[in-house]
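J.: These are the residues of each chain, in order.
Protein chains: 2
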Amino acid sequence: MEKMNIGFIGTGVMGSPMAGHLLAARYPVWVYNRTESKSSVLIEAGAVRGLSPAAIAAACDIVITMVGFPSDVEQTYFGEEGLIANSKQGTILIDMTTSSPALALQIYETAKASNISALDAPVSGGDIGARNAALSIMVGGDDEVYQRALPIFHVLGKNIERQGGPGAGQHTKMCNQIAIASNLLGVCEAILYAEKAGLDPTHVLRSIESGAAGSWSLSNLGPRIIAGNYAPGFFVKHFIKDMNIALESARSMNLLTPGLELVLSMFKQLAEMGEAESGTHALYKWLKIKSDTHL
Amino acid sequence: MEKMNIGFIGTGVMGSPMAGHLLAARYPVWVYNRTESKSSVLIEAGAVRGLSPAAIAAACDIVITMVGFPSDVEQTYFGEEGLIANSKQGTILIDMTTSSPALALQIYETAKASNISALDAPVSGGDIGARNAALSIMVGGDDEVYQRALPIFHVLGKNIERQGGPGAGQHTKMCNQIAIASNLLGVCEAILYAEKAGLDPTHVLRSIESGAAGSWSLSNLGPRIIAGNYAPGFFVKHFIKDMNIALESARSMNLLTPGLELVLSMFKQLAEMGEAESGTHALYKWLKIKSDTHL
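Residue numbers (the working numbering), protein chains in the order written: chain D, -5 to 289; chain X, -5 to 289.
Bound conformation, chain D alone (with noise of 0.2 Å):
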C-alpha cells in the first residue's frame, strides 16, 4: 500500500525538523509556509511545495498545522481558502500548534459537518524535542481516528497519550503551561535570593535541586539564568500568547489561577521592557530590575 501524503503547514523552528523527520520517514509530504524561504531546506529533501493550504488540502490525505497564534489557526481552517472547506471526505486535520480548546473543539465540529476528521495534538520540548523526535505529544479527538494518526505521531516524538475529545490535547497543554508558569517565577525569587544573600547560587542548587524544590525549570534554567544567558529556549512572547489563552480557558470553567494571572502580567511587563524575544527565564530580569528601584 502507497504511503500517505502528508501535507505540513508551518515550517519554521519546530515545524522544520518535525517534517523532516516524515520526509525521513518516506512519507510523500508537502509542505506550505507564509514565508516561502522557510520551507526551502525541506524542498531540497524531497519535499513538495504546496501553493496554498487549499492547495495542500487538495494534495493530501493527513494535513498537520504548526503555526503561530489561534488567528493563524483559524485562518488556516476556516473560509474558502481554509483547510476544512478545501480537504477532501475523511481526511484527518491534525493541529499541533498551541492554540485554544475551544477553537479545537470549533475545529472538529466544523470539520466534522463535511465528513472531515481533527485531532488537537499539541507538543512539549520545544526544538530540542522537534529535532530529536522526543517531543510529548497531548492529543484529543475520537479515539479512531487517533489509532489512525498514530504511526505519524510515533515518528515526531515519544511520549504520546490521547486525552479525550476534542480539545482535551490543547487543555492537556494548558495544564503543563499552567505548571511551569509559577514554577519559574520560584525558580527566579529563589535565584535572586540566593544572590542578594551573598550566596553563590550555583553551589545553592546543589543544596536544593535533588529535594522537594527540584523542577526541570530549576535544573535547567537555573544554571542559564545564573550565567546571565537569555537566549530561547521558549520565547517571552509565545509563552504570553499561552498563558492568555490558558487564562480565558480557566475563566470560561470558573477556575481561579492566580499564580497564572500573576505571571502573565509579570510576563506583560517584561515583553514591555524589550525581553519579547527573550526566554522564558529572563523572568529573572523583572525581579531583578523591580527589587533594584522599588525604594
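Hints may contain errors.
Heads up, the list lumps identical chains together, so a pair's fine if it works in one copy or across two of them.
What the hints assert, rightly or not - With a straight-line Cα cutoff of 30 Å, these simulated DSSO-like cross-link-like pairs (lysine-lysine) come out:
id: 1; residue 1: Lys190; residue 2: Lys152
id: 2; residue 1: Lys190; residue 2: Lys279
id: 3; residue 1: Lys235; residue 2: Lys106
id: 4; residue 1: Lys190; residue 2: Lys106
id: 5; residue 1: Lys284; residue 2: Lys235
id: 6; residue 1: Lys282; residue 2: Lys235
id: 7; residue 1: Lys282; residue 2: Lys106
id: 8; residue 1: Lys284; residue 2: Lys32
id: 9; residue 1: Lys284; residue 2: Lys262
id: 10; residue 1: Lys152; residue 2: Lys262
id: 11; residue 1: Lys82; residue 2: Lys284
id: 12; residue 1: Lys262; residue 2: Lys190
id: 13; residue 1: Lys152; residue 2: Lys106
id: 14; residue 1: Lys235; residue 2: Lys279
id: 15; residue 1: Lys284; residue 2: Lys152
id: 16; residue 1: Lys282; residue 2: Lys(-3)
id: 17; residue 1: Lys32; residue 2: Lys231
id: 18; residue 1: Lys262; residue 2: Lys279
id: 19; residue 1: Lys32; residue 2: Lys262
id: 20; residue 1: Lys282; residue 2: Lys262
id: 21; residue 1: Lys(-3); residue 2: Lys32
If you are wondering where the hints come from, they were derived from the structure by calculation, not from laboratory data.
Here the structure of chain D is known, so what remains is to put chain X in place on it, guided by the hints.
T.: Here is chain X on its own, set in the frame of chain D:
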C-alpha cells in the same frame, strides 16, 4: 580517643530519628525535649536524659537543636538558662531548625564572644529523609567548625554543603522554600484545571511530568492531591512559619518576591479554614473552594 558527647534538643518527628542515628553510630547522646515523653524511646535506646538545655550544655561538646519556631530557638540559646551561657569554651552549637538567617547570625556572634562556635544547618528531606539518614544539610558558619562537625552531618544526611558564613545555611533553606512555594501553586492550579476541563488528571501527569513542567511536587504531591489524601508530608502551619521568615528576610534585602507573598497569603487563609495540620498540598483545597464560591 573517646567520642564527644552530643546533646540533642528537640526530639520530635525530625529530631527523634536523627538522634537515633547518632546513638546507632555509638556517640554518647544526651537528649532534652520540653515534652519529656517525646524522648522516652531514645532513653530506652541508650540516650541520657538532660533536665534542661543548661544541663545539656554543661555535659556536651556538641549540641544540636531541632526545635519549632525562631522564638523557640531564641529561648534555647539565649538567657541565663540558655545554651550559650552554659556551654564550655570550644563547644559547637548547631541549630538545625529552619529559622531566621538574622537570628543565626546573632547566635553566631553572641556565642563567639564566649569562645563558643555556632553553625546554622537546616535540612530538607522531611521525616522520611530524617528516618533514612538521607537529609540534605545546608550549613552556614566558619569552615574550620564545619570540618569538625562534618562526621556528625554524615551520620544524619547525604547531600551536605557548606554554603558560606553564619546565616548562609538558613538563607539556602529559604531559597528552597521560596522555590517550593510558587511551584506548589502551579501544581495545584494545573491539577484543578485538568479536573475542571473534564480530563483525567492522572493521565495528564503522564503527559507533562517528564517535560518542562516536571517537578518533585508535581510527581510526589500531584498523585496525593488527585487521591484526596492531604496527610502531611509537610504541615501547612510549618510552611507558613518558613514563608514568613523568607518574606521578612527578602524584605530586609529589598528583594521583591511576589510569588512568595501570594502563596503565603493563600496559606494564611488555608490555616484559617482549618487546614493548619494538613499537608502543604492542601493549597489545592483553597483553589477549589474559592473557584467554586467566587461567582
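J.: So, for every hint listed, does it hold in this structure?
T.: Status of the hints after comparison with the structure:
1. Lys190 <-> Lys152: Intra 41 Å, inter 27 Å, cutoff 30 Å: inter-copy only.
2. Lys190 <-> Lys279: within (14 Å within a copy, 34 Å between copies)
3. Lys235 <-> Lys106: Intra 28 Å, inter 55 Å, cutoff 30 Å: intra-copy only.
4. Lys190 <-> Lys106: For Lys190 and Lys106, the Cα distance is within 30 Å only across copies (25 Å; inside one copy 57 Å).
5. Lys284 <-> Lys235: both (23 Å within a copy, 26 Å between copies)
6. Lys282 <-> Lys235: Both: 24 Å inside a chain and 25 Å across chains, each within 30 Å.
7. Lys282 <-> Lys106: neither (50 Å within a copy, 35 Å between copies)
8. Lys284 <-> Lys32: For Lys284 and Lys32, the Cα distance exceeds 30 Å both inside one copy (39 Å) and across copies (47 Å).
9. Lys284 <-> Lys262: both (14 Å within a copy, 26 Å between copies)
10. Lys152 <-> Lys262: Neither: 33 Å inside a copy, 42 Å across copies.
11. Lys82 <-> Lys284: neither (55 Å within a copy, 48 Å between copies)
12. Lys262 <-> Lys190: both (25 Å within a copy, 26 Å between copies)
13. Lys152 <-> Lys106: within (28 Å within a copy, 58 Å between copies)
14. Lys235 <-> Lys279: both (20 Å within a copy, 28 Å between copies)
15. Lys284 <-> Lys152: Intra 41 Å, inter 37 Å, cutoff 30 Å: neither.
16. Lys282 <-> Lys(-3): neither (54 Å within a copy, 48 Å between copies)
17. Lys32 <-> Lys231: The answer is within: 20 Å in one copy meets 30 Å, while 55 Å across copies does not.
18. Lys262 <-> Lys279: Answer is both: 13 Å inside a copy and 29 Å across each meet the 30 Å cutoff.
19. Lys32 <-> Lys262: Close inside one copy (29 Å), not across copies (52 Å); limit 30 Å.
20. Lys282 <-> Lys262: Result: close both inside a copy and across copies, 16 Å intra and 27 Å inter.
21. Lys(-3) <-> Lys32: within (25 Å within a copy, 72 Å between copies)
The structure fails hints 7, 8, 10, 11, 15, 16 (numbered hints given earlier, in ascending order).
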